[in-house]
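J.: Below are the chains, spelled out letter by letter.
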Amino acid sequence: MQEKHNAKELLNKTFDALLPLLAVPLALIIGALLLLIFKVNPLTAYWSLLQGAFGSVSGLTQTIVKATPLLLVGLGVCIAFRGGIINIGGEGQLIVGALAATAIAVGFPNLPRMIILPLTFLGAILAGGVWGGIPGILKSRLGVNEILSTVMMNAIALQLSNYLLRGPLIDPAEIERGTQIAQSALLPKAVWLTKLVPQTLLHSGAIIALVMAVLVYIFLWRTSIGYRIRAVGLNPDAAKYAGIPVQFYQALSLMLGGAFAGLAGAVEVTGVSHRMLEGLSAGYGFSGIVAALFGKLHPLGSIPASILFGGFLVGGRSMQRAVQVPSALIDTILGLTVLFVVSADIWSSYRARRRLSNG
Amino acid sequence: MTETKPSLLDQIHLQEMRMEGIVKKFPGVLANDHVDFDVHSGEIHALLGENGAGKSTLMRQLYGLYRPNEGRIYINDKEVSFHSPQDAIAAGIGMIHQHFMLVPSLTVVENVALGLKSSRGPLLDLDVVEKRLMEISDKYRLKVDPRSYVWQLAVGEQQRVEILKALYRGADLLILDEPTAVLTPQEVDEFFGTLKQMANDGHALIFITHKLHEVIAISNRITVLRDGRVVGTLNNDGVTKTELAQMMVGRPVILQYNKNPQKPGDARLVVENLSVAGDRGSDAVKGVSFELFSGEILGLAGVSGNGQRDLAEALAGLRPVREGKILLNGKDVTHTSPNHHITAGQSYIPEERMKEGAIKDFSVADNIILQDHNRPPYSRGSFLDFKLIDERTTELVNQYNVKTPSNKTPLKNLSGGNIQKLILARELSRKPAVLIASQPTRGVDVGASEYIHQCLLEQRDSGTATMLISEDLDEIRALSDRIAVIYEGKIVGIVDAATTSVEDLGLMMAGVLPETLEKQTVAPAD
Ligand SMILES: Nc1ncnc2c1ncn2[C@@H]1O[C@H](COP(=O)(O)OP(=O)(O)O)[C@@H](O)[C@H]1O
Ligand SMILES: [Mg+2]
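Quick note, the sequences are listed as chains A and B, same order. The first sequence begins at 1306 in the numbering used here and counts up one residue at a time. The second sequence begins at 13 in the numbering used here and counts up one residue at a time.
Don't read these hints as lab results, they were simulated from the structure. Each hint should be verified, as a subset may be incorrect.
Unchecked claim - List of simulated lysine to any residue pairs, SDA-like, C-alpha gap at most 20 Å:
id	chain 1	residue 1	chain 2	residue 2
1	B	Lys502	B	Thr355
2	B	Lys424	A	Tyr1655
3	B	Lys253	B	Val243
4	A	Lys1318	B	Lys37
5	B	Lys399	A	Thr1528
6	A	Lys1601	B	Asp373
7	B	Lys208	B	Glu169
8	B	Lys502	B	Val243
9	A	Lys1313	B	Lys424
Stated by the list, open to error - Cβ pair distances, simulated, as ranges:
id	chain 1	residue 1	chain 2	residue 2	range
10	A	Asp1542	B	Pro526	33 to 39 Å
11	B	Pro526	A	Tyr1655	51 to 57 Å
12	A	Lys1318	B	Val514	49 to 55 Å
13	A	Val1519	B	Gln411	34 to 40 Å
14	A	Tyr1655	B	Ser394	35 to 41 Å
15	B	Lys275	A	Ile1452	54 to 60 Å
16	A	Pro1609	B	Gln411	42 to 48 Å
17	B	Ser349	A	Ser1578	44 to 50 Å
18	B	Val92	A	Asp1650	40 to 46 Å
19	A	Thr1319	B	Gln268	41 to 47 Å
20	B	Gly205	A	Ile1452	55 to 61 Å
21	B	Gly205	A	Asp1542	37 to 43 Å
22	B	Ser96	A	Ile1335	56 to 62 Å
Stated by the list, open to error - Computed footprint of chain B on chain A, listed as stretches where at least three residues anywhere in the stretch have a Cβ under 8 Å from a Cβ of chain B:
id	stretch
23	1435-1447
24	1523-1534
None of these values were measured; they are calculated from a predicted model. A virtual CB, placed ideally from N, CA and C, is assigned to each residue, including glycine.
For reference, chain A alone in the conformation it holds in the complex:
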């Protein structure tokens, strides 16, 4: 009887450990069934996904280019989350960051790179910070739920972008030509980020993002401000008891989260498109949240998670081209994977807790 008990316990624990690992294949199997419905060979499809994302220099560099804004947004999500705040506003914060970067760069076309580049980035960081700071202050002063307010700030940012790209910020050439495409003028070359590999899209923004990930790690775990943010996030009552102004740090963590998304916006306009476009954010603000969750809300864990998601985005497109399925199907498979992995994680920790209390 005793042995049976132990064996069962061992089985349980093994199962828990395997759960998250099983989640990905399981999602892929369900995806394969969907692909079969579309009369597509799943193996070909998945192979083309892998090849597209990591199988060539161009694929790999594209993956990293996509991973860069995901990582930056994800870092912001990590900081806010560590402060106990859920930041859904990455999209809006990224947009206002890109807008601010554009306005500054276009506004001072003749300044030297040494001055204009930092200025552009600073502007984007501030704009993102303000966009995260407003919900932060609403939360700390009035108790407004940050999930709702950050989502609303997304909508406002989108409308602001629509207005600016059709009015004050529109490329004068578009008006001359009469095409009226809603995009800004080309940014002066002085703010273009350096290419890391010639003939590819890969730019120095990736290095900025990596350095930032390490800095965020140091900030959160080595400094007294990081200590405070984590204390507030883990136990606001104890933080208050310790004399930490809880609400201030909640607002601060959301503001910093916004600042990182704003930085992502600047990196996108100066590194990739070299101008502000409609739809520049391309859902990075949301995918960045998922990447951060995948990285267990740890700045360093977010690095591989962002690369994985960047790979999905790039590989997904080549899979679509290779096997001719609707892009919605690829999004579905991606979504399934996220759903499975996150639920497996929650389920196994739930099981662990239940085992603990049941004996």
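Here the structure of chain A is known, so what remains is to put chain B with the ligands in place on it, guided by the hints.
T.: Only chain B with the ligands this time, still in chain A's reference frame:
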């Protein structure tokens, strides 16, 4: 059910209950290790043991809340196996938990009737229930108004309702898990009267406690549990508190402290006419005034829920003050933030240590720097000095005997007593001018309690002004120089600890003013 059991008061079906070789494992803990325990009709059997000894776990298995890993339970020599409390109730077992399970918005009768089959089918038979309830109530002197709502009742009354409920359901064997924790000394006396009456009527009673004098006062037999094992089962004739304490802890224990004569100093904390709103909005602290001097321990005695918590939080700056004044070290800190109180030299050991006093997901070392992480020496510039923090933690962990695998261990992996020692270490090492200690030994085992008490006394001797808030009157009396008694948010009186009797303190805890008290209980001197 009410109709079919005509005389549920008089028939006792359960003659004997026996647990044999009970083993219960939790991950990493052997909560019960081959425990034998028995109780028979007409007997009060006390189950004594430190916190974490496995008392509640043993009883939860008897009540069908947990299944034992090994061992058997017999009732009247027949083996039984309970899958749920319903099974246990059907076998005549009732359990009174420390936290009551009543519905506040229902009346007493409704609470008793809840979940029972009505004798009138779909219609309620509250009048029938009430009649029978009053019979039981009269018989056992469990006074309670059957029509009042539970939220209107004091804690002691709610406990009576829980007992009535169990008896109404035909419990022959009653398990009482630390029932006296919520009662004044007078209420305890009354309650013991009830227990004796029940035993006389043939009920079997299991009385769980860690208070030695209560065990000696009430029980027929005593079983002592330590680390999940039975240390011994004794008849209660001639055993002493010292013997029991030693069995419980496994080594000789000090029950009486030798206090050095007091060297009173200047007033460190002056509270004037303080009113504080409670959680429900109305004032929980009403016009309280007192002074706390350097080198003294002022005990704050009172039954749980009379404003102690709100007062402590207001003193720490955690709860807004509605009216009045707090002077800390001569500085007015009335409407300031907790940080002001901390920097003005106050330490606070909160009642709910896991909720407020520590961060369970932080490491031991991180918890040591909770208040001072942004001050030198722990941080320079904005960077934490991990080497120094680690050294300091090791020093405190050793000095205060905190048992932890390492300084990096998450706090949640430590036992309650060790967490409390760690908090104490942190608060005392800050060399506070004023220390507010709220329930510093609640949930802490005897060994650690003793150690914490010694630390508080040392601190007093070195000049700290300490306010000790506790619901344990023995603790208050053992440590305090003066005792303030709080009742319904007001200080009933502040009396000398050495010369005031338990009875007088008990009366004050029920709201009797000390002036009237002398006329009633003490013959006029000379
Ligand atoms: N549900 C549970 N899960 C895990 N451990 C438990 C659980 N209940 C009790 N324990 C552990 O079992 C031991 C005995 O606890 P308990 O029976 O509550 O002691 P007591 O009632 O004597 O204070 C303790 O070490 C406690 O931490
Ligand atoms: Mg217990």
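J.: Against each hint, give a clear statement of whether it holds in the structure.
T.: The hints, checked one at a time:
1. Restraint check for lysine 502 of chain B and threonine 355 of chain B: not satisfied, since their Cα atoms lie roughly 29 Å apart, outside the 20 Å limit.
2. Distance hint between lysine 424 of chain B and tyrosine 1655 of chain A is fulfilled; the C-alpha atoms sit about 17 Å from each other, no more than 20 Å.
3. Using a Cα cut-off of 20 Å, the hinted pair lysine 253 of chain B and valine 243 of chain B holds, with the two alpha carbons roughly 15 Å apart.
4. With a C-alpha separation of about 17 Å, the suggested pair lysine 1318 of chain A and lysine 37 of chain B falls inside the 20 Å cut-off, and the hint holds.
5. Between lysine 399 of chain B and threonine 1528 of chain A the alpha-carbon distance is near 14 Å, which keeps this suggested pair within the 20 Å criterion.
6. For the proposed pair lysine 1601 of chain A and aspartate 373 of chain B, the alpha carbon gap of about 16 Å is at most 20 Å, so the pair holds.
7. The suggested pairing of lysine 208 of chain B with glutamate 169 of chain B holds, with an alpha-carbon distance near 18 Å, which does not exceed 20 Å.
8. Of the pairs offered as hints, the one joining lysine 502 of chain B and valine 243 of chain B is violated, with about 44 Å between alpha carbons and a cut-off of 20 Å exceeded.
9. Restraint check: the Cα-Cα separation between lysine 1313 of chain A and lysine 424 of chain B comes to about 27 Å, which exceeds 20 Å; the hinted pair is violated.
10. Roughly 36 Å separates the CB atoms of aspartate 1542 of chain A and proline 526 of chain B, a value that falls within the hinted 33 to 39 Å.
11. Our hint of 51 to 57 Å for proline 526 of chain B and tyrosine 1655 of chain A holds, since their Cβ atoms are close to 55 Å apart.
12. A hinted range of 49 to 55 Å holds for the C-beta pair lysine 1318 of chain A and valine 514 of chain B, which are about 53 Å apart.
13. Under the hint 34 to 40 Å, the C-beta atoms of valine 1519 of chain A and glutamine 411 of chain B, about 37 Å apart, fit the expected range.
14. Between tyrosine 1655 of chain A and serine 394 of chain B the C-beta distance comes to about 38 Å, which sits within the given range of 35 to 41 Å.
15. Under the hint 54 to 60 Å, the C-beta atoms of lysine 275 of chain B and isoleucine 1452 of chain A, about 57 Å apart, fit the expected range.
16. Taking 42 to 48 Å as the suggested C-beta distance range, the pair proline 1609 of chain A and glutamine 411 of chain B conforms, at roughly 43 Å.
17. Between serine 349 of chain B and serine 1578 of chain A, the C-beta spacing of about 47 Å keeps the proposed range 44 to 50 Å intact.
18. Between valine 92 of chain B and aspartate 1650 of chain A the C-beta distance comes to about 41 Å, which sits within the given range of 40 to 46 Å.
19. For threonine 1319 of chain A paired with glutamine 268 of chain B, a C-beta distance near 55 Å fails the hint of 41 to 47 Å.
20. Our hint of 55 to 61 Å for glycine 205 of chain B and isoleucine 1452 of chain A holds, since their Cβ atoms are close to 57 Å apart.
21. For the hinted restraint 37 to 43 Å between glycine 205 of chain B and aspartate 1542 of chain A, the CB-CB distance of approximately 41 Å keeps it satisfied.
22. Checked against the given bound of 56 to 62 Å, the beta carbons of serine 96 of chain B and isoleucine 1335 of chain A, roughly 39 Å apart, lie outside it.
23. A count of 0 residues in the stretch 1435-1447 of chain A with a Cβ less than 8 Å from any Cβ of chain B is obtained; the coverage claim is therefore unmet, three being the minimum.
24. Residues of the stretch 1523-1534 of chain A lying with their CB closer than 8 Å to a CB of chain B number 6, which satisfies the three-residue condition for coverage.
Comparing the model with each numbered hint stated earlier shows that hints 1, 8, 9, 19, 22 and 23 do not hold.
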